[in-house]
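Asker: Heads up: the sequence lines are chains V and Y, in that order.
The end of the first sequence is residue 345 by full-length UniProt numbering, with every number in the run present.
The end of the second sequence is residue 138 by full-length UniProt numbering, with every number in the run present.
Don't read these hints as lab results, they were simulated from the structure.
The structure presented is a predicted model; accordingly, all values stated were derived computationally and were not measured.
Heads up, a few of these hints could be off.
[Unchecked claim] Rough simulated footprint, nothing fancy, chain Y against chain V, three-plus residues with beta-carbon under 8 angstroms:
#: 1; stretch: 122 to 129
#: 2; stretch: 139 to 146
#: 3; stretch: 172 to 184
We treat Cβ as the ideally placed atom computed from N, Cα and C, and that holds for glycine.
Here is what each chain is made of, one letter per residue.
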Amino acid sequence: MFRLHFPFKFLLSRSSLYNPQCFKSAWIKASSASSKDEIDVESLFIDQKVQNLLKNLTGLDVEGKIFTERNIEQAERSHYALMTDSMLEEVRARMKERATKFLQFVPIKEPRPETYQILSKDSEIEGFDSCKFVFTDITFDATNADRTVVIREPDGILRTALPEEHDRMNRVYYEEPNRPPFPPAAFKDPDLQDALDTNKHEFVLDYATWFYEPDDPAFIQLCHVIFDRTIEANKFQVLYSTRHFGSLIFYLVVNDNIPPLLNFYGSMGSLRDAANVIRLQKIVFPNWRTAVSFKDTDAKICLDFIKQNRRLKEFVPDLMNLIEDPKEQQKSSRGKRPDNKNKKN
Amino acid sequence: MRQLINPKTFGRPSIGLALFGCTNRPFYHICIFPDRSLGRRYEENIIEQVGTFDPLPNAKNEKLVSMNIGRMKYWIGERNAQISVPVLELLGLSGLFPIHPKTYVRAKEQRETLAQQVAALQAATSTPSEETEKTPES
């Protein structure tokens, strides 16, 4: 491609002519209701409004989730300190800041195309060997994505490597701890199902993020499987306030499957988060008929959404309880949820 | 004292496969050796290692070859290194150099032996059927 100046390059890369992935995103399943729309998943995820909403929805459970007890190799001493109330508040604020760094999102990207280019067809050397030859270029100043990997087949064809082969060569020649050449058994059934049954979703997803590249088709497939099983088992609490919850929310919104999420936020007792999910859906699927104004309160947004989608009413019982008996809910737990008092966002 | 020579800068270096590994498990490093007049090639004589070649296929029936193309370009282009035939074959198969004549010869011979084996197998399977045909006639 010839070099273009900034605005044209940006527009061209977003137009569906030069970006065939706009037609069908890998994050939208064929069976979902939104599969007919052409959504640019990557640029939507990067959008600042979407990022802010996802950050609010991910939650920030500092003591319960992010700084819980973890298994570590070297034993550490506990630290005790005698503090005034103001010092304690300062320490809490600093820990909250540090905790936000653990919640940086895993990038959502379209997978690399699983196609190869044929560089040369030398049928005269057919049968020179019974095995393929894989050539990796280990020049010093190349990154993992930049590396050249070519394969000479036994029938003489010289081709570029598929994403799986390319990443495998990177793992062979540039070893990192806990990154063997072949994917570990934890990413396949039955070990995957065992891990999910024992609520190790965060561990498996963290391992996958370390092992794979974010645009690896195998990684995206694994994320789909884990997210689907989490939704089926309704185990949102396991991934709440982790760095993978943002991907889970976005996956649900893009596949037009919000009710499980609304129900989860309803059961948590937070109308604001349920309303934020609906706001997020309006950004991803803009519709002037059902648009949301910034003056609407959270309760109004939820009520309007349920009025417009009556068929979903039975899937969100907890949210219905929250909307219908808000006074009872607030009276019973006034100390626990100060957020509900600030309804205007 | 006679003039001391730095093997890294003297004469014409050569690129070749150096055999490492252990019993029943060969493994080759693609190495730069100094000029042949300074001595035969042995492990302590290696100037630089520039790649690897694993002759035993892995679980996916692949033979893995790694090549530090940047450094190879320096030794071949700037320093005019001699390249041994196995390394020339590997470079040809990788697409950087034209394919070596020895690869064509080996491929042709392999195809001929395969054809002979197939013909021998066919002959072996057809002769019992010929014998069974003959017995009912007689």
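Asker: Taking a Cβ-Cβ distance under 8 angstroms as contact, does the stretch 139 to 146 of chain V have three or more residues in contact with chain Y?
Answerer: holds (count 3)
Asker: Examine the stretch 122 to 129 of chain V: at least three residues should have C-beta closer than 8 angstroms to a C-beta of chain Y.
Answerer: holds (count 7)
Asker: Taking 8 angstroms as the C-beta cutoff, is the stated coverage of the stretch 172 to 184 of chain V by chain Y satisfied by three or more residues?
Answerer: holds (count 3)
Violated hints: none; the structure is consistent with every hint.
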